[in-house]
Amino acid sequence: MSWQMVLGFEVHVELATASKMFCGCPADHFGKPPNSQTCPVCLGLPGALPVPNAKAIEWCIKLGLALDCRVNLFSKFDRKNYFYPDLPKGYQISQYDLPFCHHGQVVLSNGKTIRITRVHMEEDTGKLQHATVDGKKVSLIDFNRSGVPLVEIVTEPDFDNTADAIEYLKEIHSLVRFLGISSADMEKGTMRLEANISVRPSGQTALPDYKVEVKNVNSFRFIKKAIEFEVARQIKLLESGTRPLQETRGFSESRGETVSQRTKEEAKDYRYFPEPDIPPFRFTQTQVGDWQKQLPLLPAGIRAELISRGILPAKAAQVASDPGRYHMFTKLTQSGFDTVKAVDIINNIPPDISNDLDKIIIWAKSKSATGTTNPAQLRVLAQKVIAANPKVITDIKSGKTQALFFLIGQMRREFPDLDVPSAQSLLKDLVG
Amino acid sequence: MTKSLSDLTIFAARTGLTSRAFSSFDLVTACLDRIKQLNPEFHAFLALNDSALTEAKAADLKISAGEDLPLLGVPIAVKDNFLTQGIVTTAASKVLDNYLPQYDATVVKKMKNAGAIVLGKTNMDAWAHGSSTETSDFGPTLNPWNSNYLPGGSSGGSASAVAAGMCPAAIGSETAGSIRQPAAWCGVTGFKPTYGRASRYGVIAMASSTDSPGPITKTVADARLLAGVLAGPDPLDATSSPRPAEEILAPGPDLKHLKIGLPASYLLPQMRSDVKQLILDAALQFEKLGATVTEISLLDPKYSIGVYTIIQRSEVSSNLARFDGIRYGHDRSAFGPEAKRRIMLGTFALSSGYYDRYYHKAEQVRTLVIRDFARAFTDVDLIIGPTSPGPALPVGASLNQPMFGEMEDILVEPSSIAGLTGINVPCGFVDSLPIGLQIIGPQFGEAVVLSAAAAYQNSTPWHEHVPVL
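Quick mapping for you: the protein sequence lines, in order, are chains L and Z.
Take the first sequence: its position 182, counted from the start at 1, is 182 in our numbering, and no numbers get skipped.
Take the second sequence: its position 174, counted from the start at 1, is 174 in our numbering, and no numbers get skipped.
The set of hints was computed from the structure by calculation and includes no laboratory data.
One should not assume that every hint holds.
To be verified - Across the chosen pairs, the derived CB separations fall in these ranges:
#1 L:R282 with Z:M403: 44 to 50 Å
#2 L:G24 with Z:V430: 51 to 57 Å
#3 Z:D356 with L:E187: 27 to 33 Å
#4 Z:Q277 with L:Y84: 54 to 60 Å
#5 Z:T367 with L:R262: 35 to 41 Å
#6 L:Y96 with Z:F11: 48 to 54 Å
As the list claims (entries may be wrong) - Counterexamples of contact, computed for chain Z against chain L with all Cβ distances above 10 Å:
#7 A114
#8 P235
#9 T347
#10 G396
What the hints assert, rightly or not - Which stretches of chain L does chain Z cover? Using the computed rule of at least three CB atoms under 8 Å from a CB of chain Z, they are:
#11 33 to 45
#12 110 to 116
#13 153 to 161
Built from N, CA and C at the ideal position, the CB exists for glycine as well.
If we strip away everything but chain L, and leave its shape as in the complex, we get (with noise of 0.2 Å):
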């Protein structure tokens, strides 16, 4: 018989503001003495009481937009009651039937489509450090981290390969960055993966009565690991006639396997209700449209404009990849480079120059002429141009700033050695 793997993620990231999500302690924890960024509210002390931190839900929020989702303009905080040591009040805050953002999606390269349950909005926990005191082992508890907004990016079981998968979290990975609102740095923890991972009959569309959760993993090459084994694993089990266990699992890198941590035969019971300390949320079609209008160019819209100039996808992706490459690109550009050549350059950029601009630029030059054109001669084109497509013209008024490129790749036609930033200032001039 053969199978099928079924795989979805849930993906943790921890938002780079200022101050935690519910109160003003900072929010950047990582390497801090243990304990000294805490206050009565992330201790969970009696009567403290928890203040929404505004820029992390407009963070999230504008998350949610960037995956294409809808935003739900009545939400709210809810409680998800349970034990353990690192929970000072007893209680998560996160959010239950009400998430910020809804029903998005994100686009494969090869077209398929994965759709995105939710992103929604949480707080972290603290941290257990296992320790010898004294010479006696102790759990000690760090609470820095306690209160961290935390944004839940949960998909919809759609995957049936890792390099989907893989292609997929490096897209989330890339668009935080864009957006800048975390450092998405799995090493330490500001970018989490869960995998979800159940495996079928090819063929059968039915989603199987069982899945394993595969947690705390820190690279995307470790999660391909841990998929492969995970998938091998729970085949072997169906083929000797036993059901895998509904359970949460581990992945030790020493050896490449998942290990079992609990056991989760019955849904855990988190007892959710609206958290009573914070009001629900109304937001405006006005507001949401003005965050939607605030995003910047993404790593989709860059691979789309890399692409309409004539840029090879896999390359185009390389420089979207990350906000500094495409920084970089942009300035090469601003340069005088033309799109094939700045692409060329940032994906060969000899590793001792890697993080010097100038250096870059420098060495770039000398391996190549910039091109020029005649600004009387460009402004002539453009009106041509624009004469020429008036329903893209109204497209970019309502908006779609994306049509300008077409224009654009209207005037490389004749002028292939067209530097793009200043005909893009140029149209947007020209246009209004």
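Dock chain Z against the given chain L, drawing on the hints supplied.
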């Protein structure tokens, strides 16, 4: 017992202090003497502020320097569920035995900023779970009018302390009757502001969606003064209203323009006729003062018991989860039977499969109660009725009665779950025990409630009666 400075109202105390008739040191000393004398019997205080006299001396210096603050030099007792930095705060539960808070509740801070001196911490039902102060883990408080009787609760220590003249005033907190009901049983004034009017930051949470701090005083004038200090927006409480505290102090309308409703359903069938008569007398008094009093219909208050019980237990089960045995020095076996019952019921009500049947249904009925009041307030400005079904009950009455509080608070629970404002003022006596009249106003209608209550109090003698001790 001879009259003492501790018998004074806040207003009288402030007058005496500013005219230098006595010092804050004298006043605090008088309170401490009275407490020393009476607390062994009535057990109104759980802890005293060791530096109260030092703070009084500091206040006296400020008074001498001509500083003028609304509560400067006035000692005020604080219910033990308000965090007070450096003064043991337990919410009358052994789970928090010897807990020293690291910060002041916002209302405590406001009180101190207005010049008040925290006198000590008053007894209450443990975690405010109750209406008798009999479920305190540190022993019950007794009623100054008769020590065989309960003071009501959960702010029973505050009400008893004010009634016995151990302090000019106290602050309490109400989730459903916990200010108004003990004020009624102890024959003092108890004022519950609108939910959100006074900050909950630093109040050990009971039912987060209804907890409201407020004053327990000897007069309506004092309640108004103290509420004006406690109220106002708090950036640390997301549910606090942005509306300015000054609204409370605004002059209310002339009674001649007031329409007052008396809900027929609040004169419960089982209620004693002499208690009913006192309420009807109060209605008559309002008419004498020029107001129009009409009978109105409101939802049977019994529905609010179900709503409140489900919502309160659910929130309690979550709010008490932080006392998980890891911090605070005591494990969960230190919870008393009442807290355990409430945690279990709340946990059950929120469980998967039951949420819709209980919590969700309760929230829906709560909306109906809110609408019912909104409808009533289109016809009348205020609603009056008895605060409690009868006078104080004897010691022991709450034992083995898990629904004791709910039955005693039946007449204040509807306005609590609707987040309204209300006040208790003494309106007479039966069996030598005080009876309280409640006046309920719409959300943020404090000024109207207070002005009507003041007019009633100024034209009746009931608040001038004090227990013979």
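Hint-by-hint comparison with the structure:
The given range of 44 to 50 Å is broken by R282 (chain L) and M403 (chain Z), whose C-beta atoms sit roughly 37 Å from each other. Taking 51 to 57 Å as the suggested C-beta distance range, the pair G24 (chain L) and V430 (chain Z) conforms, at roughly 53 Å. For D356 (chain Z) and E187 (chain L), the Cβ-Cβ distance of about 43 Å falls outside the hinted range of 27 to 33 Å, so the restraint is violated. Remark: the range hint 54 to 60 Å for Q277 (chain Z) to Y84 (chain L) is upheld by a beta-carbon distance near 58 Å.
Hint check: T367 (chain Z) to R262 (chain L), Cβ distance near 40 Å, so the stated range 35 to 41 Å holds. A hinted range of 48 to 54 Å holds for the C-beta pair Y96 (chain L) and F11 (chain Z), which are about 50 Å apart. Listed as outside the interface, A114 (chain Z) is consistent with that label: its C-beta sits roughly 20 Å from the nearest C-beta of chain L, beyond the 10 Å cut-off. Residue placement check: P235 (chain Z) does not keep its beta carbon more than 10 Å from all beta carbons of chain L (closest about 7 Å).
Chain L draws T347 (chain Z) into its interface by the beta-carbon criterion, the shortest separation being 7 Å against a cut-off of 10 Å. With a least beta-carbon separation of about 30 Å from chain L, G396 (chain Z) lies farther than 10 Å from that chain, consistent with its non-interface assignment. With 3 residues having a beta carbon nearer than 8 Å to a beta carbon of chain Z, the segment 33 to 45 of chain L meets the requirement of three or more and the stated coverage holds. With 0 residues having a beta carbon nearer than 8 Å to a beta carbon of chain Z, the segment 110 to 116 of chain L misses the requirement of three or more and the stated coverage is violated.
A count of 0 residues in the segment 153 to 161 of chain L with a Cβ less than 8 Å from any Cβ of chain Z is obtained; the coverage claim is therefore unmet, three being the minimum.
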